[in-house]
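These protein sequence lines are chains A and B, in that order.
Position 140 (the first sequence) corresponds to 140 in my numbering; numbering is contiguous.
Position 36 (the second sequence) corresponds to 36 in my numbering; numbering is contiguous.
None of these hints come from the bench; they were simulated from the model.
Heads up, a few of these hints could be off.
With a straight-line Cα cutoff of 20 Å, these simulated SDA-like cross-link-like pairs (lysine to any residue) come out [to be verified]:
| id | chain 1 | residue 1 | chain 2 | residue 2 |
| --- | --- | --- | --- | --- |
| 1 | A | Lys44 | A | Leu7 |
| 2 | B | Lys70 | B | Glu19 |
| 3 | A | Lys72 | A | Lys102 |
| 4 | A | Lys170 | B | Gly82 |
| 5 | B | Lys69 | B | Tyr12 |
| 6 | B | Lys69 | B | Lys109 |
| 7 | A | Lys102 | A | Thr134 |
| 8 | B | Lys69 | B | Ile40 |
| 9 | B | Lys85 | A | Ile52 |
| 10 | B | Lys70 | A | Glu125 |
| 11 | A | Lys78 | A | Phe23 |
| 12 | A | Lys76 | A | Asp30 |
| 13 | B | Lys86 | A | Ile75 |
| 14 | A | Lys25 | A | Gln43 |
| 15 | A | Lys112 | A | Lys72 |
| 16 | A | Lys78 | A | Met22 |
| 17 | A | Lys113 | A | Glu103 |
| 18 | B | Lys85 | A | Ile115 |
| 19 | B | Lys29 | A | Ser137 |
| 20 | B | Lys109 | A | Lys113 |
| 21 | A | Lys128 | A | Trp107 |
| 22 | B | Lys69 | A | Glu124 |
| 23 | B | Lys86 | A | Asn154 |
| 24 | B | Lys29 | A | Ser131 |
| 25 | B | Lys70 | A | Phe23 |
| 26 | A | Lys50 | B | Gly82 |
| 27 | B | Lys86 | A | Leu119 |
| 28 | A | Lys50 | B | Lys7 |
| 29 | B | Lys86 | A | Asn53 |
| 30 | B | Lys86 | A | Lys72 |
| 31 | B | Lys69 | A | Phe23 |
| 32 | B | Lys86 | A | Ser131 |
| 33 | A | Lys50 | B | Glu19 |
| 34 | B | Lys109 | B | Ile40 |
| 35 | A | Lys9 | A | Lys128 |
| 36 | B | Lys29 | A | His140 |
| 37 | B | Lys70 | A | Met126 |
Taking beta-carbon pairs under 7 Å as the criterion, some of the chain A residues facing chain B (in silico) [as the list claims (entries may be wrong)]:
| id | residue |
| --- | --- |
| 38 | Gln57 |
| 39 | Glu109 |
| 40 | Val130 |
We treat Cβ as the ideally placed atom computed from N, Cα and C, and that holds for glycine.
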Amino acid sequence: MSDEIKLLKVDENSKLFDKTGMFYKEFDSDFRQIRYYTLLIVQKAPAEIKEINLLEQQISEIIKNAVKHGNKCDIKKKVKVWYYFSTEKAHLIVEDEGEGFKELEKWNEFNKKRISCFLNQNFEEMEKYVSFRTAESDDHDSGNAMFAAVEYWNGGVVFNKKKNCIAVLKTFPKKKMGIELNGQ
Amino acid sequence: MELKVRKFSETYIIDVNGEMDLYNSYKLKELVLKMIEKKIDKYIINLENVDYIDSSGIGALIFICSHIKKVNMKLQITNIHGSVKKVIELTKLMGYFPISNTIEEAIAKIEQ
Numbered sequence: 001m002s003d004e005i006k007l008l009k010v011d012e013n014s015k016l017f018d019k020t021g022m023f024y025k026e027f028d029s030d031f032r033q034i035r036y037y038t039l040l041i042v043q044k045a046p047a048e049i050k051e052i053n054l055l056e057q058q059i060s061e062i063i064k065n066a067v068k069h070g071n072k073c074d075i076k077k078k079v080k081v082w083y084y085f086s087t088e089k090a091h092l093i094v095e096d097e098g099e100g101f102k103e104l105e106k107w108n109e110f111n112k113k114r115i116s117c118f119l120n121q122n123f124e125e126m127e128k129y130v131s132f133r134t135a136e137s138d139d140h141d142s143g144n145a146m147f148a149a150v151e152y153w154n155g156g157v158v159f160n161k162k163k164n165c166i167a168v169l170k171t172f173p174k175k176k177m178g179i180e181l182n183g184q
Numbered sequence: 001m002e003l004k005v006r007k008f009s010e011t012y013i014i015d016v017n018g019e020m021d022l023y024n025s026y027k028l029k030e031l032v033l034k035m036i037e038k039k040i041d042k043y044i045i046n047l048e049n050v051d052y053i054d055s056s057g058i059g060a061l062i063f064i065c066s067h068i069k070k071v072n073m074k075l076q077i078t079n080i081h082g083s084v085k086k087v088i089e090l091t092k093l094m095g096y097f098p099i100s101n102t103i104e105e106a107i108a109k110i111e112q
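Could you put together the complete structure from these sequences and hints?
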């Protein structure tokens with residue numbers, strides 16, 4: 001695992017927002033259906049992808065954020081999802097009708113401190129940084145979903161300018177073919 | 001998700017069966033809080049039969065771990081594997097959580 005500190009970025013022009021060739025679905029913001037929506041998306045993933053549970057979980061977190069934090073579970077508001085899977089990558093774009101993730105910079109600063117605790121193996125200090133809370137957080141918000149997301153989506157986690165649309169990319173290691181030479 | 005509690009010596013083992021997700025992870029928190037009220041002070045959370053965990057499940061484990069540390073009780077989490085282990089690694093909580101490979105190892109750590 002890399003020790004490089006990964007950030008949530010804002011880049012309206014990121015190539016991760018290119019929807020060419022992607023599938024599309026939209027959902028009502030029904031909290032009870034989040035895992036079902038996720039299954040509808042992830043069923044397009046090829047069977048060769050290892051750790052499909054992990055992919056499903058990571059997609060579910062992004063849809064949950066859109067339903068709950070973006071659209072505040074307002075059933076009339078839509079969550080739009082663009083998605084594409086191959087054996088080499090998983091690409092997802094999720095847009096909600098909310099006000100956007102206003103605390104993004106604060107989250108990056110918080111995560112830097114968390115990673116610093118981790119690198120120093122200072123788990124007492126880390127206690128302060130295990131959950132990112134905002135004024136809107138409730139008892140059911142774990143506040144840790146994006147910590148794993150920023151690590152999992154190794155091709156980037158990017159928001160649009162309004163921060164109500166997120167694009168993420170995961171690249172999978174290529175399957176090795178042939179005979180290994182000289183430990184390569 | 002189904003929770004079963006068994007006792008070995010002075011340690012209570014909570015076997016979690018199924019998926020720990022946004023709809024059910026609060027149940028584990030509630031169970032441990034009730035057990036803490038009863039002054040039970042040694043816990044093992046056994047995740048052998050858990051193949052899926054999300055941020056709510058991780059949140060429940062953080063809540064329990066943090067609470068048990070504060071009240072000076074003992075906890076070990078055992079048998080993490082597959083995507084559960086991966087999510088804990090991605091969240092960089094491997095050193096934060098008190099993790100044992102097996103129940104036997106956890107009991108040895110708790111009752112030493």
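Each hint, compared with the structure:
no., hint, verdict
1, Lys44/A to Leu7/A, "28 Å, violated"
2, Lys70/B to Glu19/B, "27 Å, violated"
3, Lys72/A to Lys102/A, "14 Å, holds"
4, Lys170/A to Gly82/B, "18 Å, holds"
5, Lys69/B to Tyr12/B, "16 Å, holds"
6, Lys69/B to Lys109/B, "15 Å, holds"
7, Lys102/A to Thr134/A, "10 Å, holds"
8, Lys69/B to Ile40/B, "14 Å, holds"
9, Lys85/B to Ile52/A, "14 Å, holds"
10, Lys70/B to Glu125/A, "14 Å, holds"
11, Lys78/A to Phe23/A, "16 Å, holds"
12, Lys76/A to Asp30/A, "9 Å, holds"
13, Lys86/B to Ile75/A, "33 Å, violated"
14, Lys25/A to Gln43/A, "13 Å, holds"
15, Lys112/A to Lys72/A, "28 Å, violated"
16, Lys78/A to Met22/A, "18 Å, holds"
17, Lys113/A to Glu103/A, "15 Å, holds"
18, Lys85/B to Ile115/A, "18 Å, holds"
19, Lys29/B to Ser137/A, "18 Å, holds"
20, Lys109/B to Lys113/A, "30 Å, violated"
21, Lys128/A to Trp107/A, "13 Å, holds"
22, Lys69/B to Glu124/A, "10 Å, holds"
23, Lys86/B to Asn154/A, "14 Å, holds"
24, Lys29/B to Ser131/A, "16 Å, holds"
25, Lys70/B to Phe23/A, "48 Å, violated"
26, Lys50/A to Gly82/B, "11 Å, holds"
27, Lys86/B to Leu119/A, "18 Å, holds"
28, Lys50/A to Lys7/B, "36 Å, violated"
29, Lys86/B to Asn53/A, "10 Å, holds"
30, Lys86/B to Lys72/A, "29 Å, violated"
31, Lys69/B to Phe23/A, "47 Å, violated"
32, Lys86/B to Ser131/A, "18 Å, holds"
33, Lys50/A to Glu19/B, "18 Å, holds"
34, Lys109/B to Ile40/B, "17 Å, holds"
35, Lys9/A to Lys128/A, "24 Å, violated"
36, Lys29/B to His140/A, "11 Å, holds"
37, Lys70/B to Met126/A, "14 Å, holds"
38, Gln57, "5 Å, holds"
39, Glu109, "16 Å, violated"
40, Val130, "5 Å, holds"
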